[in-house]
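Number of protein chains: 6
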Amino acid sequence: MLTNPLKQKWEKGQPTINGWCSIGNPFTAEIMAAQGYDSVSIDIQHGALDYSAALPMLQAMRASGAVLMARVPWLDPSAIMKALDAGAMGIICPMINNAEQAAEFVSYMRYPPDGQRSFGPTRANFAMKGYGVQVNEAVLAFAMIETAQGMNNLEEIASTPGLDGIYVGPADLALGVTEGRLAPGFDREEEEMVAAIRRIADVCKAKGIYAALHCGTPDYAAKAIGWGYNMTTVSADARLLAAAASVSVARFRELTGTSAKSREKGSY
Amino acid sequence: MLTNPLKQKWEKGQPTINGWCSIGNPFTAEIMAAQGYDSVSIDIQHGALDYSAALPMLQAMRASGAVLMARVPWLDPSAIMKALDAGAMGIICPMINNAEQAAEFVSYMRYPPDGQRSFGPTRANFAMKGYGVQVNEAVLAFAMIETAQGMNNLEEIASTPGLDGIYVGPADLALGVTEGRLAPGFDREEEEMVAAIRRIADVCKAKGIYAALHCGTPDYAAKAIGWGYNMTTVSADARLLAAAASVSVARFRELTGTSAKSREKGSY
Amino acid sequence: MLTNPLKQKWEKGQPTINGWCSIGNPFTAEIMAAQGYDSVSIDIQHGALDYSAALPMLQAMRASGAVLMARVPWLDPSAIMKALDAGAMGIICPMINNAEQAAEFVSYMRYPPDGQRSFGPTRANFAMKGYGVQVNEAVLAFAMIETAQGMNNLEEIASTPGLDGIYVGPADLALGVTEGRLAPGFDREEEEMVAAIRRIADVCKAKGIYAALHCGTPDYAAKAIGWGYNMTTVSADARLLAAAASVSVARFRELTGTSAKSREKGSY
Amino acid sequence: MLTNPLKQKWEKGQPTINGWCSIGNPFTAEIMAAQGYDSVSIDIQHGALDYSAALPMLQAMRASGAVLMARVPWLDPSAIMKALDAGAMGIICPMINNAEQAAEFVSYMRYPPDGQRSFGPTRANFAMKGYGVQVNEAVLAFAMIETAQGMNNLEEIASTPGLDGIYVGPADLALGVTEGRLAPGFDREEEEMVAAIRRIADVCKAKGIYAALHCGTPDYAAKAIGWGYNMTTVSADARLLAAAASVSVARFRELTGTSAKSREKGSY
Amino acid sequence: MLTNPLKQKWEKGQPTINGWCSIGNPFTAEIMAAQGYDSVSIDIQHGALDYSAALPMLQAMRASGAVLMARVPWLDPSAIMKALDAGAMGIICPMINNAEQAAEFVSYMRYPPDGQRSFGPTRANFAMKGYGVQVNEAVLAFAMIETAQGMNNLEEIASTPGLDGIYVGPADLALGVTEGRLAPGFDREEEEMVAAIRRIADVCKAKGIYAALHCGTPDYAAKAIGWGYNMTTVSADARLLAAAASVSVARFRELTGTSAKSREKGSY
Amino acid sequence: MLTNPLKQKWEKGQPTINGWCSIGNPFTAEIMAAQGYDSVSIDIQHGALDYSAALPMLQAMRASGAVLMARVPWLDPSAIMKALDAGAMGIICPMINNAEQAAEFVSYMRYPPDGQRSFGPTRANFAMKGYGVQVNEAVLAFAMIETAQGMNNLEEIASTPGLDGIYVGPADLALGVTEGRLAPGFDREEEEMVAAIRRIADVCKAKGIYAALHCGTPDYAAKAIGWGYNMTTVSADARLLAAAASVSVARFRELTGTSAKSREKGSY
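Residue numbers (the working numbering), protein chains in the order written: chain A, -3 to 264; chain L, -3 to 264; chain W, -3 to 264; chain R, -3 to 264; chain P, -3 to 264; chain F, -3 to 264.
Some hints could be false.
In this list, chains with the same sequence are indistinguishable; a pair is considered to hold if it fits within one copy or across any two.
Unchecked claim - Below, computed lysine to any residue pairings styled on SDA-like, alpha-carbon distance capped at 25 angstroms:
hint : residue 1 : residue 2
1    : Lys8      : Glu96
2    : Lys125    : Ala246
3    : Lys3      : Glu250
4    : Lys3      : Thr174
5    : Lys203    : Ala59
6    : Lys3      : Ala59
7    : Lys125    : Ala202
8    : Lys219    : Glu250
9    : Lys3      : Glu151
10   : Lys125    : Ala179
11   : Lys201    : Met189
In short, the hints are calculated from the structure, not lab data.
Bear in mind that the values here come from a model prediction, so they are computed numbers and not experimental data.
Just need the whole structure built from these sequences, with the hints factored in.
Okay, structure coming up:
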């Protein structure tokens, strides 16, 4: 029977680290999936990719054994069901502001009688032995709380039957909760943001669901684990690549006494 | 008139750092090109990509101002000319073993009377103002020396009219020169390899052409600059991403007391 | 003037067979379209494909003369209109539960004053002579009934002005109508399912619209034709390929006395 | 700080010409962007393309300096935000029929507190220096008026806070306003259509927003500029190509005395 | 039986016009194929495309009835046979300098005993009824003469058994024949170039093979027909699009009194 | 250490069945790889695909455990090495006519000192643990004999050090050996063809290498196993799909009394 290794780990109290794919390419996905993440998620919302890229990425990561998930662009049955049919074992849905939206989201995740997912796991069928209605038990439904309204309705949202967890994106949360007063970004240290982030973990625990946080660094992630988060995403492929390349160039510039400033324009 | 900023820098004695694209994706290319490299090269030989990926990568990097080059899979007129037509301002050609091959390579790089490049810069025309036969002056032809035979014929190869430089790939060079005695890899410290690598720089200088080295770290690159290399490639997008992600996961594992070993297989 | 050969056949009482594309590839589409189907439909809902794959598939099948249709992922104006603009001559829309949704669906199918389709058949223009507002007459709008609610509202839905037919997906219908009691699947033999499937054909006939059924085998399809269905889909490219390959392997195993069990894992 | 050159030109009273991409290809996009248009828009609604094609098109056009925009398929947060994240500096949204829809559209365009755009400009970050919440000031939100209802609510729609302009598509406008009495098409000369088109320009001016018109020829565009339109789109890549090729073939036929009629079918 | 409509027309003395695809996109191909060309050729040499783009282009153009051909990048069996397998009914091979190369080229075009083409027309099988070894009779082999050496060996090349024609690219011919003295370009008026171009037509006629010329305008093409050319290519999709768009922008600038110069840079 | 399961099976005397991919799509590849084949090969020669399609296919099939191989288009170092770098564990090289070509082929397959393969297994590195020079032992080099000349040189070719086997394509073999007298096709029953096919198996056995045959049916494959063949390919994805769909349509036509003939053309 299909089970979800993430759930098994969390039930044992084991925190997990989630990789994040913003680049629409099966090779970068395969590289990410080879680095030891417990799960890897494809960001169909803000990543530079859509379904047509996500499908071969899911295929390329299948052999890795990491749990594969997707963030969809919006509360949209088409996006959610297509990601599931393509083999995602979890969906992160942005901008859930109230219990009604949470219930709608959850309904798209599972086959009747649990929900209204349409049957036709065309690709999942070939990728996973025994894929059928019983996958209802294995898929993970994560709602994102990222607005003032969402925070106000946190308890209600977290009480939605069938919702497996809350996923927190600190950039939108900061913008949304403070109505733009704080700049977007990860690894928040402002008291009000820490309080909000910790409150979500507490409510999740109280409601018996999982909490996940998008982080910029493993150090902040470890702190979040201490706050009760079950899963942390740490950075993303695009940012990891940019940072690593940037450090490499800077070190070369320093060692050779050249500088970015010395770059001169050619005539093309 | 079209000029090549790399040549201008080298003429002034300024060393340069070259980015390396092994991932066949325009977004990773755009990320790489934004990091301050003097030039960025697409590896059509060993990269997980071919022409169909290289074309949008060249387009996506055009705005960056970095000089764009390509390593072709083999001494093959079709691959060389298609990369040039797509807008590459330099070609790195692998496995040049003698002066005859070097001359053949160079002939594919330039329009008559300098060579036998066929005219039809269909895309380059739209990307670069004034692209025409005068691009002969601006394109860079780098031959790779990576076999015992190539090393034996180094002086001859380096004397080829129209050849702009030698590009050294230490992995193949080690395998080739030692007939497999040494394992492939970058940043060689063995005396015989250092000697070979330095000899290439010396011969290039003597023959009035440029020397380029593929390195694993900026520190080794800086050392190579000291040996007279004009251009160094430092790592590649795939390796940079893998290393950065791996470090991130390891740090999380360490801080949270989880380990890769603790990953358990689900039933899918 | 544009006409739809399917309608002409059905008007003459001739049943038709519809091919089904779940694989996102123009060559598989071209193969399917060469097999003599009266129509071929691209499954943008559960197929492993989206618009970016469907477009070249429609182009590759154009020469075949088969009527081309698409199943869209959901009742979504964007998906419906883009499929029509790309040249689909019929749309199958899933999960229509009531007359209001049916009317909304139908409104997206046709240009004013018949509906609210937006004008801009960019590709269809080049593929079909005389494509314009008069295509309103030729396109086919099929609503899918696949829930208990849909069955309850069957007569109302079937009475929607401009709706051309009902398309039945037995997998979802079984799940939906029995609230998950029966497993999904084609070619239902349970009395209640046969009754439901036959009732749909009867209602369609009574309302003067067409009935279509998704089947697993030509034998069941022929039975459905006997019940009054006008069009039957028989299997799908992915299933046909898997079954044919599987039979071939099994026969080899049997004849050579090897077995799947004898497969041994290498170290990669 | 990010600014939008279109706004600057319009503020100075300078009319602009917008290029239109219906072909889903980065090379055609690069060609279009090289022709001197002030802005180029990708038609994700009626163009033969979707997000997966639009992304490399935006990358390929980045170097041109033209302002890049997109028409989305429908009032859909996912489509709007993904186009913005991919780097579009303006969005044209079809089928806005009332002030409520206009307000919803505008809310998707900007980060809080101005709207509800979700933060994560993954690609835009690498393509534009300083991309952040302040882009709220630079992006352009154009609503399309193309139905009788939209015309009735014109003043209200044009008064929507945050709406930057009205974009007029004469094909749909003719169909919509006359309920199908007039055929779709550009460059309308019927009195009622001219009146409608001029009224939109007048209302935009009165409300302090911009007016844009989709035209078939530069001559009609110039006339529209005279009516107060700030931006005119003139034709589209697909039509320009078809017309140019068709003229070329016709001239050949005429000069050589051959004709399309003389084409004879081979046996394949 | 498979026949080639081009041959039938030429046998009747009817000149033909060939469309030229440099853009790697099935929609541009479909547009081109709809304009009435007798044949359309995909430029895999200088076009911004490779096999992966050419395949869906051939599929998209199949319904048009135009004869489809391809120019390959070089005298390379892989490129030639893959284009044929994909359905090309003619191959234009660049840079044929002597009879030996011409014979090698021709050998790749046909199945034994006529040549050494490998059997496996995987896609052609599905696209053309009765595709088999008898296609040997229908495919057209055009060698390009574009060097001084090629001109010197013209008679010999033109005498190659199985060669169907000579295709002339005036840009390379000018560069090659004059060793770079004359600039590349179409529609040559220099006496020596006209003489060379006419001599090719004369030799083709004498040897009983066809002559084809790449032209920039229909007027020059008509002149070439007068010189005995059987087929003329007139411009190419990329150039036609660029020219048409450029004219449109210029006309707008002129009518509105704006100018390209007035374009001002934004801050992104 | 990397080993090749095919070799292990053959050493134990176990015959194997090889799947064949002619469709350039990762989903069809994933379907094929799920059917229990011991190995699956991608046909880059005659398949409707090239490297850009083969790469995601290799990724999608990785999880299946089947050994993955590729047939390259021609004896070409670029094609061979790129397929290996992409993860192919065996290469089938067409049109090997003599021992010199066989030796050249083999040299491209392995790193020095065994051959001249260039080092850079960029993707293979991430897909297979411990990929390095030791893969020399694991990769399989199959030469195709398909001409009269190849048959004449069979013993010599089969004696090439480092060659692992002969792969027989009966279509080309029939054409080549009989100089076009016999039509191409699989599952030959002509005495001379059976003799040739059996002779190859005998020579392979004598020389201590493996023999592989491309078959149309499992029954013929079983016969070939009886002749000493180690591996048989049975049909191909495109043919399996076409045949299965065709049978399905024919059965429907028969059961419903409709016929292909009754198809009537619409006006589009």
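Each hint, compared with the structure:
1. Lys8 to Glu96: neither (31 angstroms within a copy, 48 angstroms between copies)
2. Lys125 to Ala246: Answer is between; shortest inter-copy Cα gap is 18 angstroms, intra-copy 48 angstroms.
3. Lys3 to Glu250: Result: close only across copies, 21 angstroms inter versus 47 angstroms intra.
4. Lys3 to Thr174: neither (33 angstroms within a copy, 30 angstroms between copies)
5. Lys203 to Ala59: Answer is neither; intra-copy 34 angstroms and inter-copy 37 angstroms both fail.
6. Lys3 to Ala59: both (20 angstroms within a copy, 23 angstroms between copies)
7. Lys125 to Ala202: Intra 35 angstroms, inter 43 angstroms, cutoff 25 angstroms: neither.
8. Lys219 to Glu250: Close across copies (13 angstroms), not inside one copy (33 angstroms); limit 25 angstroms.
9. Lys3 to Glu151: within (22 angstroms within a copy, 45 angstroms between copies)
10. Lys125 to Ala179: Answer is between: at 17 angstroms across copies they meet the 25 angstroms cutoff, but 46 angstroms inside does not.
11. Lys201 to Met189: within (19 angstroms within a copy, 43 angstroms between copies)
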